[in-house]
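Visitor: Between the sequences and the hints, there should be enough to build the whole structure, so can you do that?
2 protein chains.
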Amino acid sequence: MKNVTSYIKTHKNRFINELIELLKIPSVSADSAHNQDVLNTADFVKRSLEKAGCDKVELCETPGYPIIYAEKIIDKNLPTVLVYGHYDVQPADPINLWDSPPFEPVIKKTDTHPEGAIFARGACDDKGQMYMHVKAIEFMISSGELPCNVKFMIEGEEEVGSESLSWFVPRNKEKLANDIILISDTGMIANDIPSITTGLRGLSYVEVEVTGPNRDLHSGLYGGAVANPINILTKMIASLHDENNHITIPGFYDNVEELSSDERAEMAKAPFSIENYKKALQIEELYGEKGYSTNERNSIRPTLDVNGIWGGYMGEGAKTVIASKASAKISMRLVPNQEWREITQLFKNHFENIAPKSVSVKVTPHHGGQGYVTPIDNIGYKAASKAYETTFGKIPIPQRSGGSIPIVALFEKELNSKTILMGFGLDSDAIHSPNEHFGIWNYLKGIETIPHFYKNYTELFK
Amino acid sequence: MKNVTSYIKTHKNRFINELIELLKIPSVSADSAHNQDVLNTADFVKRSLEKAGCDKVELCETPGYPIIYAEKIIDKNLPTVLVYGHYDVQPADPINLWDSPPFEPVIKKTDTHPEGAIFARGACDDKGQMYMHVKAIEFMISSGELPCNVKFMIEGEEEVGSESLSWFVPRNKEKLANDIILISDTGMIANDIPSITTGLRGLSYVEVEVTGPNRDLHSGLYGGAVANPINILTKMIASLHDENNHITIPGFYDNVEELSSDERAEMAKAPFSIENYKKALQIEELYGEKGYSTNERNSIRPTLDVNGIWGGYMGEGAKTVIASKASAKISMRLVPNQEWREITQLFKNHFENIAPKSVSVKVTPHHGGQGYVTPIDNIGYKAASKAYETTFGKIPIPQRSGGSIPIVALFEKELNSKTILMGFGLDSDAIHSPNEHFGIWNYLKGIETIPHFYKNYTELFK
Numbered sequence: 001m002k003n004v005t006s007y008i009k010t011h012k013n014r015f016i017n018e019l020i021e022l023l024k025i026p027s028v029s030a031d032s033a034h035n036q037d038v039l040n041t042a043d044f045v046k047r048s049l050e051k052a053g054c055d056k057v058e059l060c061e062t063p064g065y066p067i068i069y070a071e072k073i074i075d076k077n078l079p080t081v082l083v084y085g086h087y088d089v090q091p092a093d094p095i096n097l098w099d100s101p102p103f104e105p106v107i108k109k110t111d112t113h114p115e116g117a118i119f120a121r122g123a124c125d126d127k128g129q130m131y132m133h134v135k136a137i138e139f140m141i142s143s144g145e146l147p148c149n150v151k152f153m154i155e156g157e158e159e160v161g162s163e164s165l166s167w168f169v170p171r172n173k174e175k176l177a178n179d180i181i182l183i184s185d186t187g188m189i190a191n192d193i194p195s196i197t198t199g200l201r202g203l204s205y206v207e208v209e210v211t212g213p214n215r216d217l218h219s220g221l222y223g224g225a226v227a228n229p230i231n232i233l234t235k236m237i238a239s240l241h242d243e244n245n246h247i248t249i250p251g252f253y254d255n256v257e258e259l260s261s262d263e264r265a266e267m268a269k270a271p272f273s274i275e276n277y278k279k280a281l282q283i284e285e286l287y288g289e290k291g292y293s294t295n296e297r298n299s300i301r302p303t304l305d306v307n308g309i310w311g312g313y314m315g316e317g318a319k320t321v322i323a324s325k326a327s328a329k330i331s332m333r334l335v336p337n338q339e340w341r342e343i344t345q346l347f348k349n350h351f352e353n354i355a356p357k358s359v360s361v362k363v364t365p366h367h368g369g370q371g372y373v374t375p376i377d378n379i380g381y382k383a384a385s386k387a388y389e390t391t392f393g394k395i396p397i398p399q400r401s402g403g404s405i406p407i408v409a410l411f412e413k414e415l416n417s418k419t420i421l422m423g424f425g426l427d428s429d430a431i432h433s434p435n436e437h438f439g440i441w442n443y444l445k446g447i448e449t450i451p452h453f454y455k456n457y458t459e460l461f462k
Numbered sequence: 001m002k003n004v005t006s007y008i009k010t011h012k013n014r015f016i017n018e019l020i021e022l023l024k025i026p027s028v029s030a031d032s033a034h035n036q037d038v039l040n041t042a043d044f045v046k047r048s049l050e051k052a053g054c055d056k057v058e059l060c061e062t063p064g065y066p067i068i069y070a071e072k073i074i075d076k077n078l079p080t081v082l083v084y085g086h087y088d089v090q091p092a093d094p095i096n097l098w099d100s101p102p103f104e105p106v107i108k109k110t111d112t113h114p115e116g117a118i119f120a121r122g123a124c125d126d127k128g129q130m131y132m133h134v135k136a137i138e139f140m141i142s143s144g145e146l147p148c149n150v151k152f153m154i155e156g157e158e159e160v161g162s163e164s165l166s167w168f169v170p171r172n173k174e175k176l177a178n179d180i181i182l183i184s185d186t187g188m189i190a191n192d193i194p195s196i197t198t199g200l201r202g203l204s205y206v207e208v209e210v211t212g213p214n215r216d217l218h219s220g221l222y223g224g225a226v227a228n229p230i231n232i233l234t235k236m237i238a239s240l241h242d243e244n245n246h247i248t249i250p251g252f253y254d255n256v257e258e259l260s261s262d263e264r265a266e267m268a269k270a271p272f273s274i275e276n277y278k279k280a281l282q283i284e285e286l287y288g289e290k291g292y293s294t295n296e297r298n299s300i301r302p303t304l305d306v307n308g309i310w311g312g313y314m315g316e317g318a319k320t321v322i323a324s325k326a327s328a329k330i331s332m333r334l335v336p337n338q339e340w341r342e343i344t345q346l347f348k349n350h351f352e353n354i355a356p357k358s359v360s361v362k363v364t365p366h367h368g369g370q371g372y373v374t375p376i377d378n379i380g381y382k383a384a385s386k387a388y389e390t391t392f393g394k395i396p397i398p399q400r401s402g403g404s405i406p407i408v409a410l411f412e413k414e415l416n417s418k419t420i421l422m423g424f425g426l427d428s429d430a431i432h433s434p435n436e437h438f439g440i441w442n443y444l445k446g447i448e449t450i451p452h453f454y455k456n457y458t459e460l461f462k
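Sequence order for the protein chains is A and B.
With my numbering, you'll find the first sequence wraps up at 462, consecutive numbering, no jumps.
With my numbering, you'll find the second sequence wraps up at 462, consecutive numbering, no jumps.
Hints were generated in silico from the structure; no laboratory data involved.
Incorrect hints may appear among the rest.
Since the list can't tell identical chains apart, any single copy or any two copies may satisfy a pair.
Said to hold, decoys possible - Here are the computed lysine-lysine pairs in the PhoX-like style, where the Cα-Cα straight-line distance is at most 20 Å:
id, residue 1, residue 2
1, 462, 386
2, 357, 279
3, 357, 290
4, 108, 24
5, 278, 357
6, 382, 12
7, 418, 462
Guide: Rendered as structure tokens:
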């Protein structure tokens, strides 16, 4: 893979411009108004894989958005890498907090990206990181250095729960057969501290609605005499954590994987500055589950967060009203061995149980997924670790991520393969937030590192 | 006042049509987009008082919306009644829950109003009830039966805190000098159970904002590791009531007037059906402060209600975000002897105190007012009671209301007058809610009853 750096040098501007074109399409899967944009993005990805030299590129219809499948099979005796990524993005709101429009990519320097970063929704999550793989394959095919077989599966519903992928994978096991799955949809500690994600949290996402009186009421005439759905909702949500910030849903922790003190000691070695972390978020104090460090709280421990809440009068000025309804969106991040459907059911039962009879409660599950762990003695992990060592000059640190890629557990179950998470983004890249960006250095470093994985993996596979 | 019923019979259709015209103007004082509508409504009221035969009608400029002043002085030795009302209305949202447009009045029959009711925002609160007084004066002047002097003061900011009135009254004490103040901006128990409101609750209305991290965060990467402002806000709000639904703000109950058991026993005699109350609101159980009945909870006890809450993702589908900010509008209904400015300060101090250091909190007071009690041995009360007895055939029941007319306490302080609250609306008239309405029977009964008050009061005054 000695030619990869010179290839990148020659094609750098084209690589950046192609990504910028991809980022211009607002493929927001959560918003039906962007339906055509999501479809156009699927087409873009299909054409990109064709141009990169894949043999067979298909736009596979599903009950939802299409999945792009592509392959380059060079020898059936060689191992097969399946690359997964997604072409859909998170909604861009709150739009007014973006310094530049979310779908008009611009390149600006930042403290963590002195060489410049591309600012746009999806720059890092996951268009930029997915596109690194397209460019890495382009290099390996065009230079005749592809050491094994490769398959691509790029979906358009990751940000809304990957339902169509869950439908697609069990129906296409043979087509998707592989030896290892490779995904870039996570981050690393810092540009000079490479790391590989070895664990992901699962997810259960629900919406709750509390209904009190059948209509909005005057808060003077009825205040104090009837249950106010907003007050009740705040009480119910508040009760979901105890004074130590443990989650109070009965059975919630039953299957939670408890790490040994050795494992926790190993985790604690990862470089981390509480002061820098607080400074970056402009908060005075951290907050979380008693008995666990910040890095444990956001990786090996399950959580419950309200992602949205609304009810009553939200306009200018004052309205003395008792609302008829109040609602919230709530997500729980889960850890390995917590079954997301079971947790969703536990939540639903508990939330319905704690509601006073003076209100009625509706719990609507949105979507979910399982947590996941990659053992570091897997040859896929070793191949990735060596690849980073070659291009970064440092052995990467294995680390658990707090995020969720629910589909990874499904892959293991249906395709019987482990997944390697080679992420090149940074925590400060603001994914899911206004001003999301992806460092140009990281983008190119990803394209450079990926071919080394293929080479190392093929050698270790023998 | 023997001619009043025939006068009403003759002019009934005109009285209804005039009120409908008044209701068509969307005088929403809380919304600056309706600025011109509020001013047009002031003009309408001014012209109405001129046509009714008042001698001196003025549109008095204030720092906000104008106050309409009018008078008919017949003899300086006779007593003077000051009529107060307001021409502004509550916002109409949620608009989609109205069966007909809020500013296109329609007459429909209801269970409680088999003779028909006018449906429109402001029909009962307070355009309809205020306009009864204009028509009552028209009758008394045109028929030569006005027994005493009368002054009118109709404002346009009652629904947003009466700030300009608080400015106007101390500056016009001589102009406003009176012996008794008469207001129709409350309700009665039922059309066959007349009642007079003898107490009003005070009000303190605040807005709170909780800020955590400086930007919206990915709930996977940060979930569990930082304070989520929505979770914190729900915890803070929930903690404002204890397990008995007592309010936990230190000092909140210090000055609360405690009624004797005799007084509470007297109150309990008012006809009230818990089953009908629950049925009308379609709720299975009532809810409120331990140790008090429903009618006590919404009249003689202070309350704290969230009137609106918002934060995070409120759109379609799911977004796994930890919001940077969460907000709520909170109002407290106060009882006699609770000083609203002091309570506002107690709330602010407490809410800031209970915030964990991981967030910052901003408390913005909106407005407030004092509670009020009218003694039933006042001759104004006696005059009103006898007036109802004449026109309804029943002695009205004195009752405390849960609502607030903050200006009543100011009147007592600045003008040294007691206020008589002769309300003709019903609880089911949905004031401040979608489908607000006012019974035509009630409207005409009000016009009939008011002149008897003037007559009785003038006689008792001697």
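Visitor: Compare the structure with each hint and give your call.
Guide: Hints, verified against the model:
1. 462 to 386: within (16 Å within a copy, 105 Å between copies)
2. 357 to 279: Cα proximity of residue 357 and residue 279: across copies only (14 Å, versus 45 Å in one copy).
3. 357 to 290: Close across copies (16 Å), not inside one copy (33 Å); limit 20 Å.
4. 108 to 24: Within one copy only: 16 Å inside, 54 Å across.
5. 278 to 357: Between copies, since 12 Å is at most 20 Å while 42 Å is not.
6. 382 to 12: neither (28 Å within a copy, 91 Å between copies)
7. 418 to 462: Close inside one copy (17 Å), not across copies (98 Å); limit 20 Å.
This entry does not satisfy hint 6, going by the numbered hints stated previously; all others are met.
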